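Protein chains: 2
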Amino acid sequence: MGYAKPSARIFIAGDLGPGLAVTPERAQGHYLTHVMRLAEGDAVALFNGRDGEWRAVIAGGGRHAVTLACETQTRPQRAEPDVWLAFAPLKKTPTDFLIEKTTELGVSRLIPVFTRHTATERVKVERLRAHAIEAAEQCERLSVPEVAEPVTLERLLAEWPAGRTLLVLDETGGGAPIAAALAENATTPPCHGILIGPEGGFSFNELDALRKLAFVTPVGVGPRILRAETAALAALSCWQALVGDWR
Amino acid sequence: MGYAKPSARIFIAGDLGPGLAVTPERAQGHYLTHVMRLAEGDAVALFNGRDGEWRAVIAGGGRHAVTLACETQTRPQRAEPDVWLAFAPLKKTPTDFLIEKTTELGVSRLIPVFTRHTATERVKVERLRAHAIEAAEQCERLSVPEVAEPVTLERLLAEWPAGRTLLVLDETGGGAPIAAALAENATTPPCHGILIGPEGGFSFNELDALRKLAFVTPVGVGPRILRAETAALAALSCWQALVGDWR
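Chains A and B, in that order, are what the protein sequence lines are. Read in order, the letters of the first sequence correspond to residues 11 to 257 in the working numbering. Read in order, the letters of the second sequence correspond to residues 11 to 257 in the working numbering.
Just so you know, the hints here were simulated from the structure itself, not pulled from any lab data. Heads up, a few of these hints could be off.
Cβ pair distances, simulated, as ranges [what the hints assert, rightly or not]:
#1 B/Lys222 - A/Gln87: 34 to 42 Å
#2 B/Thr82 - A/Gly173: 44 to 52 Å
#3 A/Glu81 - B/Ala219: 34 to 42 Å
#4 B/Gly173 - A/Thr130: 25 to 33 Å
#5 A/Gly184 - B/Lys134: 40 to 48 Å
Just so we're clear, the structure is a prediction, and the values are computed from it rather than from any experiment. In this text, a Cβ means the ideal position worked out from N, Cα and C, and glycines have one as well.
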């Protein structure tokens, strides 16, 4: 066929399929026509997390509404790793960074968690969701990680699903080396969560409660002090390499 | 003893030892007295990459020069992993990020490499060095990674030391999964390098040349597109977990 690769790639909430007409969000329309300067007939890549990736063309529209016409599926939908990341919210820049990088690294669900020493009290979930969409658009993922409503650590643990292992980054040095812990906790299919504490660490009581839970495995990531967002990336990278889809 | 942990931690080029007087750089003196607002008698943690970590106190000095007196060694020097990262320079923010995060993750040597598709033509090595020092101060490392002078890819490969494996991130999908490649290339002591290409990828000729070298192992990090700096962190995390000091 020899089509050039579309220069823009956007996430669509609705269905994608042969001949379907798609109306992107207003901000996306603005992006296509004003930022990317695309015009009628130009190609755009679309994905919705269910129907694979589609090549569409700009079918029309004016200043405020663009219509896209789906043409052909360019990639089928595929199963993606099932790995959650629960994290104590950080300041704006490191949180944005965490969302962007963990999306690239294939996280399936992001859960902001309030712990005793969490410095931030408010989380703008819609902002995080928009950021996850943007990151997914740019890294060619076929899905967008879900960003859950923030919960307290207590509630996260009380409602943790049966059968899902929770790897807790334990910076006190008490955890098993992460590679060994992953090897021991490999399930088929792998179904894990990773919990990263705040910059101030977990409180003594929190760590004590975590260690008593059967589904929790405390893990360590070496002798240096990692920032929370670095620890999140490191743990997720090891997970993908050892039990996820980098194998 | 019950000393409070010093609130400031700085890298010193000179020797550290019992009773030694140390004069920090002028910018460091400014940081201690004006930013951290420390005064005579206040404690500062010092390290130089050779003599472990020392508790020192501000012994005197005025507006423009501070003197520190070494008191006791708080941590002995320890051997650190021997892992190099060669990377095609990125824009300012992702390069800063790469330096900061790979320092936390324990890289021993950072080498800026110019490839065919490297977008940046100039590298401010002194800036990168200052950034590596700052990151090492903050992550409690006992050393600062060396930042080498930039080289071309050709020269990097021509001068690559015998006995050191080079893991090349191959985004064309031709490489072995990183965990498998690390298991196969584990040496004692581990002595590796990791090479990350530019955003535009390696050229066809570069990849061809790399694949022909006996010390090169092309590796892959899964089906999603990672930004260059994310790939660097992911590869280094896997290295530490599987053959470095996270075991």
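Quick check: which numbered hints come out false for this structure? Per hint list: single violation, 4.
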